[in-house]
Amino acid sequence: MTKDPAARIVLKQEWGNYFLFGVESPALAGEAKPGQFLMVRVSDHIDPLLRRPLSIHARERNTLEIFFKIAGRGTALLARKKEEDRLDILGPLGAGFRLDAGLKGKAVFVVGGGRGIAPLYFLARELRTAGARVKVLYGGKSLPDLPLKQKFEKAGLDVACSTDDGSSGFHGLVTGLLQNETNKQNPAALFVCGPDPMMKKTAEIAAREKIPAQFSLESMMGCGFGACWGCVKRIRKGDDGAWRKICEDGPVFSGDEIVWEEEG
Amino acid sequence: MVDLSVDLGFLKLRNPVLAASGTFGYGLEFEPFMDLNSIGGFVVKGLYFGPREGNPPPRLVETAGGLINAIGLQGVGVEQFAEEILPRLRKYQTAIFVNVCGASDEEYIRAIEYLNRYEGIAAYELNISCPNVEKNGACPALNSGHTFSLVKLAKQASRLPIIAKLSPNVTDIVEIAKAAEEGGADGISLINTILAMAVDIETQRPKLTNIFGGLSGPAIKPIALRMVYQVVSAVKIPVIGMGGIMTGSDALEFLIVGAKAVEVGTANFIDPAATLRIVGEIEDFCRRNDVKKIAGLVGTLKV
Ligand SMILES: Cc1cc2nc3c(=O)[nH]c(=O)nc-3n(C[C@H](O)[C@H](O)[C@H](O)COP(=O)(O)OP(=O)(O)OC[C@H]3O[C@@H](n4cnc5c(N)ncnc54)[C@H](O)[C@@H]3O)c2cc1C
Ligand SMILES: Cc1cc2nc3c(=O)[nH]c(=O)nc-3n(C[C@H](O)[C@H](O)[C@H](O)COP(=O)(O)O)c2cc1C
Ligand code: FES
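Residue numbers (the working numbering), protein chains in the order written: chain A, 1 to 264; chain B, 1 to 303.
It should be emphasised that the hints constitute simulated quantities derived from the structure, not laboratory data.
The beta carbon of each residue, even a glycine, is placed where N, CA and C say it ideally should be.
Please note that the accuracy of each hint is not assured.
Some chain B residues flagged as far from chain A (calculated, every beta-carbon gap over 12 Å) [unchecked claim]: (1) Asn37; (2) Glu62; (3) Gln93.
A few chain A residues that face chain B, going by a derived Cβ cut-off under 8 Å, partial list only [claimed, not checked]: (4) Lys3; (5) Ile46; (6) Asp47; (7) Pro48; (8) Gly226; (9) Trp229; (10) Gly230; (11) Lys233; (12) Ile235.
Could you build the full structure based on these sequences and the hints that come with them?
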């Protein structure tokens, strides 16, 4: 992990509230693995004070991409940056997805909801390189929440979409789409990122169907590199579960490690 | 060449910049970003005698220029620290302070007595001021009687110097500082975080599960500076100042009001090499202003 105080923005794309930046940084790109994230400064000043965690969306030789949705002031400030602006970035952070060699030739599903699709483009391409047969299940509220559909298709990946309002693809939640797909055929593995209720539901399906599943979790982060103990969730590691750091031990965990919070 | 060294009386530091407890992990987390030998020293995360589970999340909220935390001192106990972490820190030529915590007076003493057997610790920073453990932010440093008696007990038990870390959540910081001095503290550090809260208007719930947390970061600097100034004016033992230091000029303000050294906290999260950068900025200031010895700048406030 390193700090690049001045990574140059070489690409900016936007779709309503969704944004994609390409940033040039050989130092960061060189080490990046799918599921890892970056801590990005959104202001040069003391407000907002903290960096914002964003997944690595794609990697080329010297560049990385981030994809995000405006969620509040920090991401809104970030969205205002332009090509040629510089970003102060720390990364790559976290452990990322585990790409098991046994997946060669096997069918795997990559399931993303909303902005949770961000880390899954990088992952889907790496899984394919590793020889897996990848199917991407991409869900959103409505068609405008699926801005990356074409990007996946262009990369030659098999994508099925769902929208809550039926404006594109399967009418319903992405977990409904997943249930349909598993009714046809169970994949050898699931890789999931999205809102908590969607991941929890996916974990239930995975447990029921006995499909090994990995989930990329989110949490408030003070530092992103293990120094503040702010980002914990309850995670089992051969024990009953303890508050473990999402930034360092994760953000990706397997379904049986995660103690899902009770709703309410 | 600028002489950046400072003398705390019980300990000489290479330069006046230390990393604050709870914001620098056990030091090792920062190895990828900086040479730990380049700063005056660091205070490791607060240690109880036994391991601690900490508070349920969410533990952090960002506020205007600040951060409210309710970590609740999650971490390893003294044994794991001394056996597994301390050996990896001994290769550094920098001062390592251990922030000692306790749920009772006895636990502070047990932790100190345990750590006394190990080499490689420069001093204990007695954390009598964490607002995130007891209900309503209660801690020994809110009361001068308890501050006096606990510092005294710790001093008797300790083979190393004791720095008492004070809480800003009091009416009269001078009274508490004097109690720590009378109890035998070798130094005083302040401020710990300011008891604070934040509310989610959509859900009408507190943003922290713990309801309260401790505010840190640039938002608290003016209050911290005022308190450090008051304490420096009232005690003879050396004072280490902290609260919201982000830059060399922030650190210099604390030195000018009379702090012998400073600790940098929240800034480490945003810039993991903040302490190193701050040392550089202090040095630049000295060069520009023909200050030969940083120690000569301490307590030069003109009023
Ligand atoms: C490991 C990791 C990877 C992430 N990757 C992406 C990504 O690729 N694309 C993307 O759009 N978003 C991603 N997020 C979420 C993103 O970090 C937050 O949306 C962002 O920090 C919000 O900042 P803000 O200032 O815009 O909003 P704020 O005004 O700070 O908050 C707005 C809302 O977002 C919530 N929030 C704040 N910080 C976080 C956080 N760290 N995680 C989750 N929710 C938060 C707040 O509770 C609040 O409800 C990721 C989060 C994590 C932990
Ligand atoms: C996340 C976090 C954890 C902290 N943990 C401790 C601790 O374990 N012991 C302690 O004495 N102070 C702790 N503090 C307080 C800091 O050491 C420091 O006193 C305070 O944050 C003010 O300095 P700052 O504004 O530079 O952060 C913690 C602060 C933060 C933000
Ligand atoms: S974000 Fe600081 S420890 Fe994980």
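Each hint tested on the structure:
| no. | hint | verdict |
| --- | --- | --- |
| 1 | Asn37 | 19 Å, holds |
| 2 | Glu62 | 5 Å, violated |
| 3 | Gln93 | 22 Å, holds |
| 4 | Lys3 | 7 Å, holds |
| 5 | Ile46 | 4 Å, holds |
| 6 | Asp47 | 5 Å, holds |
| 7 | Pro48 | 6 Å, holds |
| 8 | Gly226 | 5 Å, holds |
| 9 | Trp229 | 5 Å, holds |
| 10 | Gly230 | 4 Å, holds |
| 11 | Lys233 | 7 Å, holds |
| 12 | Ile235 | 12 Å, violated |
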